[in-house]
Structures are given as structure tokens and as C-alpha cells.
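For this one, chain A is given, so just place chain B on it according to the hints.
Protein chains: 2
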Amino acid sequence: MPSRITAIYHVRSDARAIGARAQAIAVEQSVEMPLTAIADQDILDEIVGRVEDISDIGNGVFAVRIGLAAATVGDDPGQLINMLFGNTSLQEDVTLYDAEFPEELVRRFGGPHHGLAGFRQRTGIKGRAFTCTALKPQGLAPKQLAELAAHFARGGIDFIKDDHGIADQDYSPFEARVNAVADTLREVAEETGHLAHYVPSVTGTARAAQNYIAQARNARLNTFMVQPMIMGLSNFRDLVDGNSSVNFFAHPALAGASHIDPALLFGKIFRMFGADTVIFPNHGGRFGYSPPTCRRIAETALAPWHGRAATIPVPAGGMSIDRVGEMLDFYGADVMLLIGGALLDAGERLTEETAAFVRKVRDYRYAH
Amino acid sequence: MPSRITAIYHVRSDARAIGARAQAIAVEQSVEMPLTAIADQDILDEIVGRVEDISDIGNGVFAVRIGLAAATVGDDPGQLINMLFGNTSLQEDVTLYDAEFPEELVRRFGGPHHGLAGFRQRTGIKGRAFTCTALKPQGLAPKQLAELAAHFARGGIDFIKDDHGIADQDYSPFEARVNAVADTLREVAEETGHLAHYVPSVTGTARAAQNYIAQARNARLNTFMVQPMIMGLSNFRDLVDGNSSVNFFAHPALAGASHIDPALLFGKIFRMFGADTVIFPNHGGRFGYSPPTCRRIAETALAPWHGRAATIPVPAGGMSIDRVGEMLDFYGADVMLLIGGALLDAGERLTEETAAFVRKVRDYRYAH
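For the protein sequence lines, the chains are A and B, in the order given. Residue 334 in our numbering sits at position 334 of the first sequence, with consecutive numbering throughout. In short: position in the second sequence from 1, add 1000, done, that's our numbering.
Hints were generated in silico from the structure; no laboratory data involved. Built from N, CA and C at the ideal position, the CB exists for glycine as well. Keep in mind that a hint or two might mislead.
[As the list claims (entries may be wrong)] So the derived label-pair ranges between C-beta atoms look like this:
| # | chain 1 | residue 1 | chain 2 | residue 2 | range |
| --- | --- | --- | --- | --- | --- |
| 1 | B | A1039 | A | A303 | 42 to 50 angstroms |
| 2 | A | R122 | B | P1034 | 26 to 34 angstroms |
| 3 | B | L1044 | A | G60 | 42 to 50 angstroms |
| 4 | B | R1108 | A | A63 | 41 to 49 angstroms |
| 5 | A | Q121 | B | L1035 | 36 to 44 angstroms |
| 6 | A | R107 | B | A1117 | 44 to 52 angstroms |
| 7 | A | G60 | B | A1071 | 43 to 51 angstroms |
| 8 | B | G1288 | A | T6 | 47 to 55 angstroms |
| 9 | A | T123 | B | A1039 | 39 to 47 angstroms |
| 10 | B | P1034 | A | T6 | 41 to 49 angstroms |
| 11 | A | E326 | B | E1299 | 46 to 54 angstroms |
| 12 | A | T6 | B | A1071 | 43 to 51 angstroms |
[As the list claims (entries may be wrong)] Taking beta-carbon pairs under 8 angstroms as the criterion, some of the chain A residues facing chain B (in silico):
| # | residue |
| --- | --- |
| 13 | D76 |
| 14 | G165 |
| 15 | M231 |
| 16 | R286 |
Looking at chain A on its own, in the form it has when it is part of the complex:
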């Protein structure tokens, strides 16, 4: 029996039309032609998408389960998203809500090389949430970014990532920036004993991204942030596999509003292709995700799944120190809290504010 991926679409439809609409999606996402014109019985049996179930979930929306042939995906991550949602993403009535993958497919793509357990082992941070902040604003020169990083590091933060707008711009070239920040963080570590991990954002073509990583590894860095939906999933996975000793943060840029459920995209797809952490918009911040959506993202990223390493959820987007307790109540210890702008707002008191954030996370008592 051929191996199938089960895609679960949420489709707005009326009850009389949903059967035909589900069948149309099954065809669109597989052979994309009239079945009457297919003479080959093997293709009808093994390649054509198959509607497995339709259920009314209320409010005029139906959950449609469609089996898609794993053979059409082969070994290519881009082809996976193409088969799941390539053409159907152009239709407004459909959301790709979830997908169940055959174990051998997930194992073949592999998942994170490190994930939660790898981060805990490498950093020695046990039993508490990780802390993270961001270098901002873009437009600052390498020296200024390094000074900012020093303040954060003195405050005891675990990870300092680039703002996702920071790339390889004239006012802050990648190599100069990375060397300046990495050198500064090592100097601070010699003074304080605490080494904050710098996470440069790696952008551009696949070739450029690989070169950036090589440059940054010369500066003894081993954690990087990428934007999988902008880089392309195939190139993301290729970068992960070509740098298996490196840890990867996945940033959600361009991942939203494309009618792919974020728990699927961040918690399964980004994870399957190797994200060690996934950044996503927390509820109550600048973005519209609800608490149940955030819960599902975090639970999906952390759940046991075909033997793959767990991915660390990183809720972010307008978070503040005031919310640390509430967020740890909500997410527990297996989370990375990312506070950027709200720390920077402290101005002269940046180190102290960072220290307050770090202390709050360290002192929190987990109920579970």
C-alpha cells in the first residue's frame, strides 16, 4: 500500500457543496486534471488525492481529511509544501489546518539536530525557561550593536538575536557586525563569567547564507536565526543538514496569514526540517494569535513526534517583563522568553532591566 500524508483542510462551504469541494481539493493538490482523462489505474489508485473524511465543525466550516501520496513529495521540503498547499493557497475558502506525516517521511527529513534537549545540554540551563532578547534598531553600526549586546550580557541574558530586519546592509555589514558583537560578548564573559550567546540573522541566497555561517563560525558562533518561508523550505533544510553542529532559530517572517495553521507550520513543518527553536507571536502582543493557538503551537513543537527532537517554543512580539510570570504559568519551563523593545525602552537602565527580566525567569517557581 502506498504511503500517504493526511492533510486536514478547513473549508468554508455549505453542506450540499462540501462533498464536491473536498474532491476538487483532492484533485487540485495531486494530479490537477480531470480524473476522466487518466487512463492509468496505478495513478488513480496511488497518486490521486483521496478524500478520507469530511466533518462539520460548525459555523459553516468543514474539516476535510485528504490522503496525498508521499511518493509525490520525494525528498524535497519545497515539494512537500507544494503538495500540501501550493495551488490551494490561492483559494480563499481553504485553510491548511494540520497534516499527519508517515513516520518514514519525518525520519527521512530528520527534524532538529539539537532541539530542546540539545540547548539544555549545551547551555547547562536546566529546569527553567531560557531568556532571549534582540539587537535593535536596524540602522545601528556594528560598534553600537556590540555596545547594546554588552548591556544585555551584563544583565545575564542567555541569548541575544539580531532583529529580523538586520541583514547585510551597508551601515552594518554582516562580518563586521558579527565579529564586533562576538568579541564584545567574550570580553564581557571574561569579566563576569557569563557568556551570552549571540544569534546572527542569516539571510540572502542559499549560497550567501552558507557563507555567512562560515564567517560567523570563524568568530566561534554556533547559533543562527533564519526565516524559512523567505529562504525557502528546501534551502532551509539544506542549510540545517550542511551545518549539523549548529543550532537554528526559525523566525516566522512571511509565514502568517497564508492560511496555514501556525501550529502545523511552526510546530511540525519547521520542526521536521530542523528548527531548534520557533519564534511566534504570543497572544496579547502586537499580533492576533489567541491563547489556544499559542498553546497548540507550543504543545505541537514539544510533543513526542516520531522520535524527533523537541523544538523550543519562543513566544514573542511586544512582550514585557510584567508578563513573565503569566507567560511561565502558561508555557511552563520548556520555553524561551524573548523580550526586545520593552528592554530597550529602559534606556540608560538597560543592563538593570535585563537583569530584572533574567531574575524574574530564574526565580519563578513552576507549578508543573
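Chain B in isolation, oriented as in the chain A frame:
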């Protein structure tokens, strides 16, 4: 004065809130932090996004014009889409409706190497629409796909593209398929005098895509289809620039429903990065685009624009021969008509049905 890109967002909001919401988008898409925490006057003046205009366009939607610093984009296509819509794509109330780019930015990215004029020159097809069809279904072996291609070619079609689901699968490896189809089309050309152009779909990592193109060029092919939103825009542009004698079709997979207006995405962004043709869902087919949306896509792709080559619009998705006249009335001669499944539905009469399509396009008298 620093060079600015003007992004035009359509934002659902009430009138009292729109001023603050527009300012929040300007900050989100530039420095992503509280402005009060930015000490550097140059960054406030030159890097922070600037709300240039807000106008009520009815139905609770406002058009917001925001100036974004071109310096933040540098030379990277991925960074361009990141700055235009990276984070804001995660917010449901916003559509990226259009963008105006500084001339020097468009010239730097370059646009299509060939475009409409290049296709006309290479093929010798003047004063009429181009015809195109697709090899389907995926699951067929190379020999079967080549047989299909022969039928289309005998019918006189100009271009035969791969179905966008056809990649490099076990049942039809890329190189075997490309050689089989290319050889067959040359044999048909020796008989009939008409060489149909085969357009293989190029997928996978950036490196894999380059290798596929090299393999296919050995088979003397020089037109390829890519899926820019799956490959990543930076890698798409890199592929175009590394193969400047090649013609590129852009397929819209994963490009939809992400709240980016298709006229902007296909007609400007794909064009800026080098698409010679852009495939998009025609109105009245399997997708929901309206006639005015299709009109805007075609007009944008063809309009004079900073001296860049025009990109050929390719309306598709459930088209049939019956609609040829109506589509040529609508689009005029500078279009490529793509009919796939409806031809295949002719079964044994595939060559004749293709010939009927070709004849209808050749015999059409353009009013304008």
C-alpha cells in the same frame, strides 16, 4: 535625502484607530521597537518607516502609504519582501496592496532578461497570443510524458510546461524525463517542422535547481518554470542571474492568500526579480480571482516600468477552448493562454483538440 520604497497597505480599522494603527505598521516594518528608545536621530530620520498618507477607501478599509528606507533592503530580494511584509503578514487586518520602488532599486534587481519582446524574438511569434499546455498527471513515467508531449506538439502548441507537481520523483526522475521529452519534441519537429518548447519545472534547493538547469541545457532546452515563493525570492533571482540566456516561467504556488495583492506580487515583484512569464489563476476558473484583479495583474506585468522588460501574463487554472475568444477579447495579443486538463480530457483526440486550441488562437482577430 534617503531613498524610500512606498508600501501601500489596505488596513481594516475604524476611523478613530487608523492613525495609530498606520504608525504601528510603519514601526513594525522598520525598527520594530519603541521610538522613544531610539536615541540616534539619523535612524529616526532615515530608517524608521514613515506614514505618508491615509485614505478611507470605504467598507471599513483604509489605504495607508508608508515610506520604508531602501537602505534596509540592500541588494537582497528576500530582504525586500521581509521589509515590505515579513512581520505584518502575521496580522490578519492588513493586506499588502501595492508598492512603489525607487528606480535605482528596480534597475539594480534588473527585471526579466527577455520578457515579452525576448519571447517574440526567439519564437518568431508576432501579433498573436502564445499557446501553452501542461504535462499531467504526475505519476506518469518519462516515456508516457514524452508521448503526451508528442501529441501536443503535433497539434502545434508553442509551449509545453511540466505540471507544477512534477519534480524529481522516483517514478519520473528529472534528467530521464527531460531527455525523453526533449528528444521526442525534436523528432516531431523533424517530421512536422514545428518545434514545441518544453518547459521543465525546476524545484528543490538552489543548488539542485542549478544542476537541473545544467542537465536540461545539455538537452538543448532553454526555458524553465520555477515557483519563486517556494524556492525563495533571493534564490529565484540568483538563478535568473546565473542563467541570463534562459527564459523563466514563474508559477504562483504558495503565493496566494498571504494577503499580498497578486498584481504587486506577480506583476512587479516576480517581474523585478526576472520572471519572463507569470502564471496566475484566471477569473471564472478554479480560483477566486475577479476580472478586475486579473486585469490589474496583466496590466501591471506589461506596463512600461523603469525601463524593465515586460513580463507575459499567463492566465490559467481550469481554462478551456471555449473560452479562448473571450480571453483574447479580455487580454489582447500580449498573453500566453495555458490550457492543460481540458485538452487532456480529449483522450484519443488529444492532437486534434490541441490543434483546435492553436487554430482558435491563430485565427482570432484582435480588436485592439
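To see whether the hints hold, each was checked on the structure:
1. Between B:A1039 and A:A303 the C-beta distance comes to about 44 angstroms, which sits within the given range of 42 to 50 angstroms.
2. The given range of 26 to 34 angstroms is respected by A:R122 and B:P1034, whose C-beta atoms sit roughly 32 angstroms from each other.
3. The hint said 42 to 50 angstroms for the Cβ distance between B:L1044 and A:G60, and at roughly 47 angstroms that hint holds.
4. Between B:R1108 and A:A63 the beta carbon distance is about 47 angstroms. The supplied range of 41 to 49 angstroms therefore holds.
5. Distance hint check for A:Q121 and B:L1035: the Cβ-Cβ separation is about 40 angstroms, which falls inside the suggested range of 36 to 44 angstroms.
6. Taken as a hint, the range 44 to 52 angstroms holds for the pair A:R107 and B:A1117, whose Cβ atoms sit roughly 50 angstroms apart.
7. A beta carbon spacing of about 47 angstroms between A:G60 and B:A1071 agrees with the range 43 to 51 angstroms that was offered as a hint.
8. Checked against the hint of 47 to 55 angstroms, the pair B:G1288 and A:T6 fails, with Cβ atoms roughly 25 angstroms apart.
9. Range check, A:T123 to B:A1039: Cβ separation about 32 angstroms, and the 39 to 47 angstroms hint is violated.
10. Taking the beta carbon of each, B:P1034 and A:T6 are about 44 angstroms apart, inside 41 to 49 angstroms as hinted.
11. For A:E326 and B:E1299, the Cβ-Cβ distance of about 51 angstroms falls inside the hinted range of 46 to 54 angstroms, so the restraint holds.
12. Taking the beta carbon of each, A:T6 and B:A1071 are about 46 angstroms apart, inside 43 to 51 angstroms as hinted.
13. Checking A:D76 against chain B by beta carbon gives a least distance of about 5 angstroms; that is within 8 angstroms, so the hint holds.
14. The interface hint given for A:G165 holds, since its Cβ lies 6 angstroms from the closest Cβ of chain B, which is under the 8 angstroms cut-off.
15. Hint status for A:M231: holds, given a least beta-carbon distance of 5 angstroms to chain B, under 8 angstroms.
16. For A:R286, the suggested interface contact is upheld, since its CB lies about 7 angstroms from the closest CB of chain B, less than 8 angstroms.
The structure fails to meet hints 8 and 9 from the earlier list, while all remaining hints are met.
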